[in-house]
Amino acid sequence: MNRVRNPFNALFNEVTTVQDEVARLFGRVNPFAATAPGGPPLNVWEDDHALYVEADLPGLDPAALDVTVTEGNQLTIQGERAAPEIHGAVWVRQERPAGRFTRAVTLPALVDADKVEAVYADGVLKLTLPKHEAAKPRKVQVKAGQ
Amino acid sequence: MSDLALKSNGAPAAAADDARAATVAPRVDVLETENEFLLLADLPGVRPGDVDVRFEQGELTVHGRRTAAEGKRRALLGEYGGANFHRVFSVTDTVAADRIEADLKNGVLTVRLPKIEAVKPRKIAVRG
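Protein chains in written order, with the working numbering: chain A, 1 to 146; chain B, 1 to 128.
Just so you know, the hints here were simulated from the structure itself, not pulled from any lab data. Bear in mind the structure is a predicted one, so any value in this text is a computation, not a measurement. From the three backbone atoms N, C-alpha and C, an ideal C-beta is built for every residue, glycine too. Some clues are possibly wrong.
Incomplete in silico selection of chain A near chain B, CB under 10 Å [claimed, not checked]:
#1 ASN43
#2 GLU46
#3 ALA50
#4 GLY88
#5 ARG100
#6 ALA104
#7 VAL116
#8 VAL119
#9 ASP122
#10 VAL140
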């Protein structure tokens, strides 16, 4: 299939738009769309021992990521993504957000802030937040009455 | 540079897509310099072995797969789902297809599309 180049622009053009429109129609949005300025979208899971938080943060320097837990349940993720700087380059398309972001959430359980683990791999931040002893479920032994 | 497969012969993808995952268009930046086009695409959660970059008949296709998180835990908050990434661009015929390079690092795909020699700007000496 030959495409006639648009004489006014079109050195680098989008071909796929239908798929994106369909996805939007069904309420599926780009996971990174809501990143700036409200911070990255989060997924949170829990089990009996810990809370697990994941955030899509592609292209970050892990040293520029700041994760803090205060008061046992206030989680804050802060960071900064640098915009690409290439000498003598002209922008053809600019969609990726850059700059500082902050996301703060209240966790549904108290966690042990000293034992929080943070791993950054493949552009995804994964946090493991062990629950505070007081927040863990406890099995109560029922004694037989006399 | 990682060993991203740059396919041009319609070879099947290495792994099947996760059928439960939505397909979304990744966000991209495109920059142009005198010597090349540079495409940066956000593909968070995609490992270097799970991305296909394909240049065929003037079309650059970027496809990345990510696997959803394990399901044994109770979900409390789900603001995004496991997504496959797919996007196609038509690129000017002034790109040297055999010298395209791709690299995936920290969830960002970088594709360098060098221009063919004939279209690079040349400084012409003026004889006096």
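Results for each hint:
With a cut of 10 Å, the hint placing ASN43(A) at the interface with chain B holds, because the nearest CB-to-CB distance is about 5 Å. For GLU46(A), the interface hint holds, the least distance from its beta-carbon to any beta-carbon of chain B being 5 Å, beneath 10 Å. Interface hint at ALA50(A): satisfied, since its Cβ lies 9 Å from the closest Cβ of chain B, which is below the 10 Å cut-off. A cut of 10 Å between beta carbons decides the hint on GLY88(A): the least distance to chain B is about 6 Å, and the hint holds.
The beta carbon of ARG100(A) is not positioned within 10 Å of any beta carbon in chain B (closest approach about 17 Å), and the interface hint is therefore violated. Taking 10 Å as the C-beta cut-off, the interface hint given for ALA104(A) is violated, the closest approach to chain B being about 13 Å. Below 10 Å, beta-carbon pairs count as interface contacts, and VAL116(A) has none with chain B, the closest being about 17 Å; its hint is therefore violated. A least Cβ separation of about 13 Å between VAL119(A) and chain B goes past the 10 Å threshold, and the interface hint is therefore violated.
Nearest Cβ of chain B to the Cβ of ASP122(A): about 5 Å, under the 10 Å cut. The hint holds. For the restraint placing VAL140(A) at the interface with chain B, the shortest Cβ-Cβ distance is roughly 21 Å, beyond the 10 Å limit, so the hint is violated.
Of the numbered hints given earlier, the model fails hints 5, 6, 7, 8 and 10; all others are met.
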